[in-house]
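Asks: Single-letter residue listing:
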Amino acid sequence: MAEEMKSKMMGKQSILFSNPPVIVAGSSIAGKKEGEGPLGHLFDTIQEDPMVGKETWEEAESEIMKEAATKVLEKAGLKNTDIRYLVGGDLLGQLIATYFGIADLNIPTFGLYGACSTMGEAMAIGSILVDGGFADRVMAITSSHFASAEKQFRFPLDYGNQRPFSATWTVTGSGAVIIEDARIHKKNSNEPTIVIKGVTVGKIVDYGLKDSMNMGACMAPAAFETISTNLEDINVTPDYYDKIITGDLGYVGQHILIDLLKEKNIDISQNHMDCGIEIFDKDKQDTHAGGSGCGCSAITFTAYVMKQLKEGQWKRVLFVPTGALLSQVSFNEGRTVPCIAHAVIVEAI
Amino acid sequence: MSNQKKVSPSSVVHEQDIRKRNENYSKYVEQVTPKTNIVMNVIKAFIVGGIICTIGQFFISYYQSLGAGEEAAKAYNSITLVFLSVLLTGLGIYQKIAKFAGAGTLVPITGFANSVAAPAVEYKKEGQVFGIGCKIFTIAGPVILYGIFSSWVLGLIYYILKILKVV
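Quick mapping for you: the protein sequence lines, in order, are chains A and B.
Take the first sequence: its position 249, counting from 1, is numbered 249 in our numbering, and each next residue is one higher.
Take the second sequence: its position 46, counting from 1, is numbered 46 in our numbering, and each next residue is one higher.
Just chain A, same shape as in the assembly (with noise of 0.2 Å):
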């Protein structure tokens, strides 16, 4: 027993699971900006609404947290009760989006903080229950609104203020995965299983930055641990992963990433992908260094990801989202923005 479990562990902190768990399904809900963007059409649901006919941004986010939720019950064809575990967050402080916005499912529950990086710990624990037998499915979710974000974390969305170039704009969405054990998976034989082979948990790394407007400069190191540790870990090279896709670096986070993976002789310039650069146009959209949020790797992923690797695009990627655990009162004493970058490694198979 105690040789099975030592099996899973690789390296210094990842994992390859045993029997990898399936994403059965995966939903997208995103705002009207996003549904303008250039991953408009593939999205489920885009609400026009930013205010999702609530009175509040708070419960707005909620709302389209809910919905992501039903969604993904919907695609998957599952029922509430059949969902062991709901493991997820959002940017919000005590995650007030997720635990309004999911009360009534009735879903035991794990809250969860990782910034913007939630999407990775959500999948990394949800897949973790599955392969530990603690769970047959279980629902990783995560949300961000631009409105709500800004409001907790910059300044009320009407004051005049110019934002630097180096600045993102938080994603208006909600993606939800349900993770299903791979024993008990009915499988579709008309296009590949989505798995997750295994993960890479990340630490918190500081390189000591404190301008909240540069993010994507603030996390690209931690990305840039977590993704070398990974193929250490596992010992790989880059090109074992078709894509390697971070969360919300933007432009100038790609850069830096791709620069400090050189210096280790890791060179991801030809198949990186960002999340934020992928979800906004920046020129037309006017979203300066690309999107962010919780949101914007996780309907990223449900959206465009996954149904890159069922169409056979892509066989195995590299799911980076990273996360800037920052708070407003941290960032007003004068401390620096510690962050964090989970990698899940997901395959068709």
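Please note: incorrect hints may appear among the correct ones.
Distance condition first, Cα-Cα at most 25 Å in a straight line; then the derived PhoX-like pairs of lysine-lysine [as the list claims (entries may be wrong)]: (1) K135/B - K264/A; (2) K210/A - K27/B; (3) K96/B - K282/A; (4) K203/A - K27/B; (5) K124/B - K54/A; (6) K44/B - K264/A; (7) K20/B - K262/A; (8) K203/A - K165/B; (9) K264/A - K5/B; (10) K210/A - K6/B; (11) K124/B - K284/A; (12) K264/A - K282/A; (13) K125/B - K151/A; (14) K54/A - K210/A; (15) K135/B - K282/A; (16) K32/A - K125/B; (17) K262/A - K96/B; (18) K151/A - K20/B; (19) K44/B - K284/A; (20) K96/B - K32/A; (21) K210/A - K5/B; (22) K35/B - K54/A; (23) K282/A - K20/B; (24) K210/A - K125/B; (25) K284/A - K35/B; (26) K32/A - K27/B; (27) K282/A - K99/B; (28) K27/B - K151/A; (29) K262/A - K6/B; (30) K203/A - K262/A.
Far from chain B, some chain A residues (derived; all Cβ distances over 10 Å) [to be verified]: (31) F17; (32) N19; (33) G35; (34) G93; (35) F110; (36) Q162; (37) R163; (38) A182; (39) V201; (40) I204.
The hints are simulated quantities; they were obtained by calculation from the structure and are not laboratory data.
All values derive from a computational prediction rather than experimental measurement.
Every residue, glycine too, gets a C-beta built ideally from N, C-alpha and C.
The hints should help you fit chain B onto chain A, whose structure is shown.
Replies: Same frame as chain A, but now just chain B:
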């Protein structure tokens, strides 16, 4: 200036001393982060700020033509500009102008009005007391506090100079 020396990513990745690594990283990030065009920003701010002031001058002259004295006309002008700024903030237009104008919309009294009206709109949902009441001055608060404080200091200096018969 050490800033003028190019910092390579190598001096970040291969630096063992964490403090030095962070210093190098900070310099390297500065190199690769796109900078805003200061000259363009200044020109835009100058033009829009100038337009706002011209509008202000128009109001002063207009109120004077209606018979108001100079002081009264200036006060009416401030009230009018503040009103227009708050109205445009509420309609979501002020932020769009500010995105273009930067300091051009920030420095005149309209910027101050915007910084009070924007939190009022945002925090209304949190109630009259804990929302608007507590948070309306989250942005303008420092201006008010230090504005009043510095005028108090200046007043004190003026008072002392007066006693010393310097002024």
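Asks: Compare the structure with the hints numbered earlier in the document and write down the numbers of the violated ones, lowest to highest.
Replies: 1, 6, 8, 11, 12, 14, 15, 17, 18, 22, 23, 24, 26, 28, 36 and 37
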